[in-house]
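If you want the building blocks of each chain, they are given just below.
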Amino acid sequence: MDKEQLKKIIYELVEASTGKKKLKQSDILKKVAADQGLEKDEVKAALRELVDAGTLIFTYFGGSFIEIPPKQ
Amino acid sequence: MSKKYATPLLDELKKGAFPSFVKEMEMAAERSDMAADLLGLVELSYKEKVTHWKHGGIVGVRGYGGGVIGRYSDIPDKFPGVAHFHTVRVNSPSGFYYTSDAIKEICDIWDKYGSGLTNVHGSTGDLVLLGTRTESLEPIFAELSSRGWDLGGSGSAMRTPSCCVGKSRCEWANIDSMAITNDITHHFQDEMHRPAFPYKFKFKVAGCAVDCIASIARADMSIIGTWKGDIRIDQTEVKNCETKGMNIQTEVIDMCPTGCMQWDGKQLKIDNSNCNRCMNCIARMPKALRPGTEQGATLLLGSKAPIVTGALMSWVIVPFIKMEPPYEEFYELVGKIWEWWDENGKNRERIGELIERLSFPRFLKEVGLEPVAAMVKEPRRDPFFFWSEEDIIKK
Chain A
1 MDKEQLKKII
11 YELVEASTGK
21 KKLKQSDILK
31 KVAADQGLEK
41 DEVKAALREL
51 VDAGTLIFTY
61 FGGSFIEIPP
71 KQ
Chain B
73 MSKKYATPLL
83 DELKKGAFPS
93 FVKEMEMAAE
103 RSDMAADLLG
113 LVELSYKEKV
123 THWKHGGIVG
133 VRGYGGGVIG
143 RYSDIPDKFP
153 GVAHFHTVRV
163 NSPSGFYYTS
173 DAIKEICDIW
183 DKYGSGLTNV
193 HGSTGDLVLL
203 GTRTESLEPI
213 FAELSSRGWD
223 LGGSGSAMRT
233 PSCCVGKSRC
243 EWANIDSMAI
253 TNDITHHFQD
263 EMHRPAFPYK
273 FKFKVAGCAV
283 DCIASIARAD
293 MSIIGTWKGD
303 IRIDQTEVKN
313 CETKGMNIQT
323 EVIDMCPTGC
333 MQWDGKQLKI
343 DNSNCNRCMN
353 CIARMPKALR
363 PGTEQGATLL
373 LGSKAPIVTG
383 ALMSWVIVPF
393 IKMEPPYEEF
403 YELVGKIWEW
413 WDENGKNRER
423 IGELIERLSF
433 PRFLKEVGLE
443 PVAAMVKEPR
453 RDPFFFWSEE
463 DIIKK
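These protein sequences, in sequence, are chains A and B.
Under the numbering used here, the residue at position 28 of the first sequence is numbered 28, and the numbers go up by one with no gaps.
Heads up, the numbering used here is the position in the second sequence plus 72, with the first residue counted as 1.
It should be emphasised that the hints constitute simulated quantities derived from the structure, not laboratory data.
Among the hints, a few may not be true.
[As the list claims (entries may be wrong)] Residues from chain A shown here face chain B by an in silico Cβ test under 8 Å; the list is partial:
hint, residue
1, Ser26
2, Val51
3, Gly54
4, Ile57
5, Phe58
6, Thr59
7, Tyr60
8, Pro70
9, Lys71
Just so we're clear, the structure is a prediction, and the values are computed from it rather than from any experiment.
Glycine is no exception: its CB is placed at the ideal position from the N, C-alpha and C atoms.
My request is simple: use the sequences and hints to build the entire structure.
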């Protein structure tokens, strides 16, 4: 799968969970890898690019989660 | 210089023989508004018996999920200097060795961007810098990383591994604890900086069973140096110990937890097949006794301090493993353990708690470790038996 497409799928998953359930990195890797028939490492690489770009961020609320950054 | 706030309760902590953190904070307050307001806020907390810190949130540097612990005050208007008071964890070098130049470098950066307060080292093993604002985090990270430093671990990630001084200063080390710690740090950069676990995971590496860093009580995985084969004995030096006033019977023989030693006044005998390698005798008579020559490590899993649930001690999962570069067997096992934890663990469940919940036999079976009698729960106390009826019949 094209990496940009994969990044979009990851972002949409996090976006859909916002306000409902906080997702851990492993939740995203498992879900996207299973849904798209990909290796977890491939999903991880795409997720890392999103985090490095600041499109998604790590947060801590009694555990570490991946979320969309708040609007400034 | 006059104090910004009256602090009668904190002043009590300056009395007594021991160095006081209050004195240090007062010195820092002479040139740092953050430190001055910190004194005021802590005094108020002591008076009201309630914390004024809020923990966690969205604080960090781009690309990393750890290394910064978010702290905000719940009364920022009253103490604006500590409205933000984030902690920065800096990855410590193996064995905590620094040059004076390295310490000056860190302190200069911290004076520029932070409160100037540090509690080198925190209980995490990191070099801990206390108190900075959100907008200073990226500049601090840029300055640290441009000089070869990196942030440590926090959150649901691998934490900064730590170790004893090992072979650099200790003749008892059976493994190169500093080299192993350094290798683990580099090997698991992703696991340290991008939290992906159910909860925290700590490695601590001790060169021998004396375990100066208390890895057996503080690390999710304890790597403790040990040996195979017989303890090396120099009978002349044993005799010298007695000549110099040591009571070998009471100080060594009677202290042996397995009772595997004998001393007749002339010769020391050890039944090595019953030795559990606790190191007591070797530590008592370092010139007379030395570990065997085939050296490696015992891997233990599951200890933790009481946070979400009670304290646990480590369990032996691998009685003996060679710990030599490139540590392939070790890394393969760690990968399997983490995969099992990821599949089965709940949020904020440590690996030791998960093993207790699902059982040790299940853990061994699913991780692919063959049960052996040397897998001891809380070593030196309780042997751990888990033979099934089927196993007994088969053997």
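Checklist line | Earlier hints that do not hold, by number | finding: Result: hint 9 breaks, nothing else.
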